[in-house]
Amino acid sequence: MLTVAQEPPLLRIHPGQSTVASRLREVWAHKELLHFLTRRDIQVRYKQTALGAAWAVLQPVLTMAVFSVFLGALAKVPSDGIPYPVFVFCGLVPWQLFAYALGGSANSLVANERLVSKVYFPRLTLPMSAVLAGLVDFAIALASLFVLMALYGLRPTWAILTLPLFTLLAVATAIAVGLGLSALSVRYRDVRHALPFLTQSWLFATPIAYPSSLLPERFRPLYGLNPMAGVVEGFRWALLGQGNPPGALILVSTSVVVLGLALSLLYFVRVERSFADII
Amino acid sequence: MAAVRALGLAKRYQIHQQASYRTLRDSLAQAWRRPFRAATAEAESETLWALDGVSFEVGHGEVVGIIGRNGAGKSTLLKILSRITTPTKGEAELRGRVGALLEVGTGFHPELTGRENVHLSGAILGMKKVEIARKFDAIVAFAGVERFLDTQVKHYSSGMFTRLGFSVAAHLEPEILIVDEVLAVGDASFQRKCLGKMSEIGKEGRTVLFVSHNMTAVTRLCPRTVLLDAGKVLADGPSHEVVAAYLRSDLGTTAARAWPEVASSPGNAVVRLRSVCVRTRQGDVTAALDIRQPVAIEVDFDVLTGGQVLVPNLHFFNEEGVCLFISSEVDSPWHRRPRPAGLYRATAWLPGNLLAEGTVVVGVAVSTMDPVTVHFFERDAVAFQVIDSLEGGSARGEYAGPFPGVVRPLLKWESGERVPAQGQLAESRS
Numbered sequence: 123m124l125t126v127a128q129e130p131p132l133l134r135i136h137p138g139q140s141t142v143a144s145r146l147r148e149v150w151a152h153k154e155l156l157h158f159l160t161r162r163d164i165q166v167r168y169k170q171t172a173l174g175a176a177w178a179v180l181q182p183v184l185t186m187a188v189f190s191v192f193l194g195a196l197a198k199v200p201s202d203g204i205p206y207p208v209f210v211f212c213g214l215v216p217w218q219l220f221a222y223a224l225g226g227s228a229n230s231l232v233a234n235e236r237l238v239s240k241v242y243f244p245r246l247t248l249p250m251s252a253v254l255a256g257l258v259d260f261a262i263a264l265a266s267l268f269v270l271m272a273l274y275g276l277r278p279t280w281a282i283l284t285l286p287l288f289t290l291l292a293v294a295t296a297i298a299v300g301l302g303l304s305a306l307s308v309r310y311r312d313v314r315h316a317l318p319f320l321t322q323s324w325l326f327a328t329p330i331a332y333p334s335s336l337l338p339e340r341f342r343p344l345y346g347l348n349p350m351a352g353v354v355e356g357f358r359w360a361l362l363g364q365g366n367p368p369g370a371l372i373l374v375s376t377s378v379v380v381l382g383l384a385l386s387l388l389y390f391v392r393v394e395r396s397f398a399d400i401i
Numbered sequence: 142m143a144a145v146r147a148l149g150l151a152k153r154y155q156i157h158q159q160a161s162y163r164t165l166r167d168s169l170a171q172a173w174r175r176p177f178r179a180a181t182a183e184a185e186s187e188t189l190w191a192l193d194g195v196s197f198e199v200g201h202g203e204v205v206g207i208i209g210r211n212g213a214g215k216s217t218l219l220k221i222l223s224r225i226t227t228p229t230k231g232e233a234e235l236r237g238r239v240g241a242l243l244e245v246g247t248g249f250h251p252e253l254t255g256r257e258n259v260h261l262s263g264a265i266l267g268m269k270k271v272e273i274a275r276k277f278d279a280i281v282a283f284a285g286v287e288r289f290l291d292t293q294v295k296h297y298s299s300g301m302f303t304r305l306g307f308s309v310a311a312h313l314e315p316e317i318l319i320v321d322e323v324l325a326v327g328d329a330s331f332q333r334k335c336l337g338k339m340s341e342i343g344k345e346g347r348t349v350l351f352v353s354h355n356m357t358a359v360t361r362l363c364p365r366t367v368l369l370d371a372g373k374v375l376a377d378g379p380s381h382e383v384v385a386a387y388l389r390s391d392l393g394t395t396a397a398r399a400w401p402e403v404a405s406s407p408g409n410a411v412v413r414l415r416s417v418c419v420r421t422r423q424g425d426v427t428a429a430l431d432i433r434q435p436v437a438i439e440v441d442f443d444v445l446t447g448g449q450v451l452v453p454n455l456h457f458f459n460e461e462g463v464c465l466f467i468s469s470e471v472d473s474p475w476h477r478r479p480r481p482a483g484l485y486r487a488t489a490w491l492p493g494n495l496l497a498e499g500t501v502v503v504g505v506a507v508s509t510m511d512p513v514t515v516h517f518f519e520r521d522a523v524a525f526q527v528i529d530s531l532e533g534g535s536a537r538g539e540y541a542g543p544f545p546g547v548v549r550p551l552l553k554w555e556s557g558e559r560v561p562a563q564g565q566l567a568e569s570r571s
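Protein sequences, first through last, are from chains V and D. With the numbering used here, the residue at position 37 of the first sequence is 159, and numbering never jumps. With the numbering used here, the residue at position 268 of the second sequence is 409, and numbering never jumps.
In isolation and in its complexed conformation, chain V is listed as follows (with noise of 0.2 Å):
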């Protein structure tokens, strides 16, 4: 069954570093590749747990009802006139799809030693899938915040069609700290206990038990320099319409999340040749 008349592709391997754009598009002409990682992943995900995907629901449901009795109620942390379990909850969505997508790609290289060792196929996948694997639970997540919503009758503005962006804000920050980490974790195992620390320091510097309203006004665009910041904003404003557009807030975020984009990408392009040799 040899019948291509064309040259064949010519590959060439040599010691030289590879581009950022040249592993970029590589990815991309690995797309399917990508897609069936990402389905595995979502696959394995709920394999043999009794409760299934319902835990997609029940984490920031429980992670609410906590926040809501002990921050809400007895601490009386104020919420910028929203009901507490929708203020909480509509910050727990995307922090869930950062926390998660996070640890997903921290740990991919390491969790998939083997196929590393033992074929080559583009190692951006790796990270890339298990974040992007994260937006299930996100999707049901996102639902029951929008069954929530309804409970209290509060309806979204079209201030709504800007979600897609704070999301995509949130997957661009996962990927960012995600892939370096990766890259790090495959020569220093410390990364894998150092990452819960770090999820968990994250979680209380990112406005979601609170408003970022207790910061004094002229700081608060300061506080976009934590990307889950203006993300959590975003959120709210988008959904609940709550005051002004945090436009100053995103424009940080968004610009050290391009950075810490391009900072990780380089670094795990330069590093991802001896993956192999150290994993």
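Careful, some of the hints might be misleading.
From the derived model, a few chain V residues whose C-beta atoms are all more than 10 Å from chain D [to be verified]:
(1) 180
(2) 290
(3) 366
Straight-line alpha carbon distances no greater than 27 Å define the calculated DSSO-like cross-link-like pairs of lysine-lysine that follow [claimed, not checked]:
(4) 295/D with 338/D
(5) 153/V with 338/D
(6) 153/V with 269/D
(7) 169/V with 270/D
With the Cβ distance kept under 7 Å, some of the chain V side facing chain D (calculated, not the full set) [claimed, not checked]:
(8) 134
(9) 317
(10) 320
Because the hints were derived from the structure by calculation, they are not lab data. Glycine included, C-beta positions come from ideal geometry on N, C-alpha and C.
Place chain D on chain V using the hints.
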């Protein structure tokens, strides 16, 4: 135009990198102690050149074996050619779609079903979605797992797992196929299927690089073999020659040995062993023997003290250490007669079609029978390889698969139509 061209490929490993994972703390501590040398610290640590300037060319449609001891650089070479790792120096060019099979069941996830895994593994190996869909039935049929397609792979037997894994890879249809020892796994009938599929691929005009420890499989599948040793190409040529060279070079297993110093040679005050060699009918020393040809084991020994009855005897072992048989000299002029001092040569002829294929290790002894005294017994005196090349004339006939048994005699078979006798027929009817 060559399908594969390697030019001075070299790969350096840092030994400590492979020995253990580094922790961030170690690196930070190192950087703290030697802030300006942290970056160069790696270069100072012990390095190993797993590959050291390997060059060769493989033409389109050539099937080439790659052999060598453990650590000779075979796997490193494959990993470079399949792009899993990059060379430290040198370069390579591959013309055509490359399929690398370094493991069976690459990318299989135990929690997924056979069906899901075929798609996943196919995509990881580099197949397009439509391509997998088109070949799906063929893949499943080849593996013979039709009934278990929707069962999770973790419930598969290891045989089923292996079959499905190989089947996906075998349907990759690459122009250049790189295979590493996958045939070492799976049951006998499946190994036969794999070998069949591989020679089929070779006949279709595809280029195959086949790394193996199995000399029999290499000589049978590959007309040409490259021998690697310590990261370098030691030999490159027709498989039977290279395999023979490899076996000669192997430590402790050689087709000819001599002990130039009488004082340190095996033996005692009565008799000492001087040399042993394996010879063909033409008189050449050989380490690789066609299964159909007779072979001689030639033993030279020095009788220092005359007057004893001495019986040279040979002990044949296979590579598993199983003693195949023992043979002692029974028809020589010195049978039951004391030998005077002097140099003697005893030659034992093994007929063709007696030994099974594989490595044969020969132990040499000289004994006295009454009373039983073993003057010396050199356990691994010489060794040679028996090759069953599938050209016919051996006991395996046309059958290409694994052929067990410690010996492989070619027996005389007689068969004809059996006409039942009248009486018997009548009896069975009544």
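Subject >> Indices of hints not satisfied (ascending) >> reply: 5, 9 and 10
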